[in-house]
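Protein chains in written order, with full-length UniProt numbering: chain W, 1 to 328; chain R, 1 to 328.
Watch out, some of these pointers could steer you wrong.
Unchecked claim - Here are a few chain R residues that sit away from chain W, every Cβ distance over 10 Å (derived from the structure):
no.	residue
1	Gln42
2	Pro65
3	Glu90
4	Arg144
5	Pro153
6	Pro181
7	Glu197
8	Ala200
9	Asp203
10	Gly305
Stated by the list, open to error - Sample of chain W residues facing chain R (criterion: CB under 10 Å; computed from the structure):
no.	residue
11	Ser97
12	Gln100
13	Leu102
14	Pro128
15	His150
16	Lys179
17	Asn182
18	Asp183
19	Leu185
The hints are simulated quantities; they were obtained by calculation from the structure and are not laboratory data.
We put the CB at the ideal spot given by N, CA and C, even for glycine.
Number of protein chains: 2
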Amino acid sequence: MSLSMKDKIIQRFLLARGEPISGQQLADELGISRTAIWKHLQTLQDEGYEFITIKKKGYRLVSVPDRVDAARISSYLNTKRFGHTIHYFEEVDSTQSIAQQLARDGAKDGTIVIAEEQTGGKGRMQRPWYSAKGKGIWMTVIIRPNILPHQAPQLTLVAAVSLVSAMKTLYKNFIPEIKWPNDILINGKKCAGILTEMLAEMDRVDGLLIGIGINANHELDDFPEDIQSIATSIAIEEKQKVDRAQLVAEILKYLEHYTDEYVANGFAAIKRLWVEHSCTIGKRIKATTIRETVEGEAIGITDEGVLEILLDDGQIKKVYSADIEIQN
Amino acid sequence: MSLSMKDKIIQRFLLARGEPISGQQLADELGISRTAIWKHLQTLQDEGYEFITIKKKGYRLVSVPDRVDAARISSYLNTKRFGHTIHYFEEVDSTQSIAQQLARDGAKDGTIVIAEEQTGGKGRMQRPWYSAKGKGIWMTVIIRPNILPHQAPQLTLVAAVSLVSAMKTLYKNFIPEIKWPNDILINGKKCAGILTEMLAEMDRVDGLLIGIGINANHELDDFPEDIQSIATSIAIEEKQKVDRAQLVAEILKYLEHYTDEYVANGFAAIKRLWVEHSCTIGKRIKATTIRETVEGEAIGITDEGVLEILLDDGQIKKVYSADIEIQN
């Protein structure tokens, strides 16, 4: 992991969890002068970190800005590779398009791009994705598993299972569910979405861009009016503000774990977890594709991530891409 | 099609096929002054075009530089969409990486990137591809068919069929053959290769980059020594220099035709043509994959472009990616 000196200082304070650290100790640990330490602390104060000086003990960090920067994420991180390179931005067009460029330029497996705000965020089918400033997690994880292009949809399911697992670990007041193909719902309302894009040759995946958008600290009126009845946030459902950096680190932990599990042992275990957390399978649904609308019971997904619907006439219909409405 | 004034002038001369055109006529047709025409002709002479002045008749184009620029390709072009936007370069790292950027920025279906020389050309599996200056066709065609990601390998086969069809139309002294997955051979030696890359969401292809490398006017000692025994060029086999711009236009014609045919009527007809021109199917082969080497008879390809090999023990092995050696 490569952090700047400033990031190292703040990480040291974050790991101290509120205990004071003396300037001399910091200077010794990091191999720079006390004056340099003092200058970095000034810069950090300008960025919104607050310190108080405790006589004979040193500096104590009392308040951190609500950001998802490298220092804050790293202070929670417990992974072998994922999140070891973090590209953080105040504002971007979309994390996905920056990640595409980085992937082409050879970014390592597990590199992430994260921003406080996206001005041109996109969901599936190029639909706009609303990404309010400082409220959510707008992130792309670049992964480079050794798989074939036709296996790539399985990684969207890996990502969904990882998101749900991270949420269940951290929050206790709700149960997140997966809606095929790539939404996370809480109490029937959309809380997160996953957009997986792929750079591939015909017989080789060069890179997958797992785009993750999560409504974290939105209050209801942070959403545009027309989606207030169908959108929600973790904070609304948990009835408490979310530490976004902690959630990012938890997602990265599960995403790395389940990706490695998938590459080592195949799709079966992931598929079982996905079905377990799905709110689609076993339900009567209406699926609207580009060509038609079909109704029936969602009975399963194939190894290609394709939804299987049992129609009323007994036929099984395979659906690659659709908008789903759950009817019971 | 958008050509510069200079390109329009040269295209006019190319279409005149050696007949003289008066300065006044050109000025009238293009709506600019005779002085402006004269200045453009000066620039064109600097670029290697040669004109002679014929008394009372005007200018006659007597020699064109050996280039594959927009004007030269356009003068042969007979397509509805493909090649209507041409990005021409003297030298690039690789046409594929420029095309990736253009595709992300919304380049139209059929846009091409072509260069006289590639300094970092790549074949399959990131292998270097030798792209000598001014000798070959180093081109990427951006296509945006409405297909699902798992259908994408079929477009590599569409491209192979298009290349072979264009060569058979223009040249009479050899028969090109397709070697699975993406090589064009003449008399058993490699003459061209296709590298298809894809930008895709899980349920939608955003764009395909059909990279085409053709050894056109190479003489044997234009190839590095270590590949002289396995490489060839059209000029070597046809025993005559190739008009590269004409070949580009012919490839674009077939590529547009077969892509449209494929999208309208499916893969069956393309597959039949591919098998017809294949030098792999029906042969005993040795296939080396990342994991193993298998031997047997290549009996067919699936709709996913996967090669099926009948092993000696009667099993049928499916091969997604391999190097193939033909043994009889």
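Verification of the supplied hints:
1. Consistency note on R:Gln42: stated as away from chain W, and its beta-carbon is indeed over 10 Å from all of that chain's, at 41 Å minimum.
2. For R:Pro65, the requirement that its beta carbon stay farther than 10 Å from each beta carbon of chain W is met, with the minimum near 33 Å.
3. The non-interface label for R:Glu90 is consistent with chain W: the shortest C-beta to C-beta separation is roughly 23 Å, beyond 10 Å.
4. For R:Arg144, the condition that its CB be more than 10 Å from all CB atoms of chain W holds, with the nearest at approximately 12 Å.
5. Residue-level check failed: R:Pro153 sits 4 Å from the nearest beta carbon of chain W, not beyond 10 Å.
6. Not every Cβ of chain W is farther than 10 Å from the Cβ of R:Pro181; the closest lies at roughly 7 Å, contradicting the non-interface assignment.
7. The beta carbon of R:Glu197 is not kept farther than 10 Å from every beta carbon of chain W, the shortest such distance being approximately 6 Å.
8. Not every Cβ of chain W is farther than 10 Å from the Cβ of R:Ala200; the closest lies at roughly 5 Å, contradicting the non-interface assignment.
9. Against chain W, the non-interface label of R:Asp203 is violated: not every CB pair exceeds 10 Å, the least being about 3 Å.
10. Remark: the non-interface label on R:Gly305 conflicts with the geometry, its nearest Cβ contact in chain W lying 7 Å away (cut-off 10 Å).
11. Here the hint on W:Ser97 is kept, as its CB sits about 7 Å from the closest CB of chain R, short of 10 Å.
12. Satisfaction of the interface hint for W:Gln100 is found here, the shortest Cβ-Cβ separation to chain R being roughly 6 Å, below the 10 Å cut-off.
13. The closest approach between the C-beta of W:Leu102 and any C-beta of chain R is roughly 13 Å, which is over the 10 Å cut-off, so the hint fails.
14. Taken as an interface hint, W:Pro128 does not check out: its beta carbon lies about 15 Å from the nearest beta carbon of chain R, beyond 10 Å.
15. Among the interface hints, the one on W:His150 holds; its C-beta lies about 5 Å from the nearest C-beta in chain R, closer than the 10 Å criterion.
16. Violation of the interface hint for W:Lys179 is found here, the shortest Cβ-Cβ separation to chain R being roughly 15 Å, above the 10 Å cut-off.
17. Here the hint on W:Asn182 is kept, as its CB sits about 8 Å from the closest CB of chain R, short of 10 Å.
18. For W:Asp183, the interface hint is violated, the least distance from its beta-carbon to any beta-carbon of chain R being 13 Å, above 10 Å.
19. Violation of the interface hint for W:Leu185 is found here, the shortest Cβ-Cβ separation to chain R being roughly 19 Å, above the 10 Å cut-off.
The structure shown violates the earlier hints numbered 5, 6, 7, 8, 9, 10, 13, 14, 16, 18, 19.
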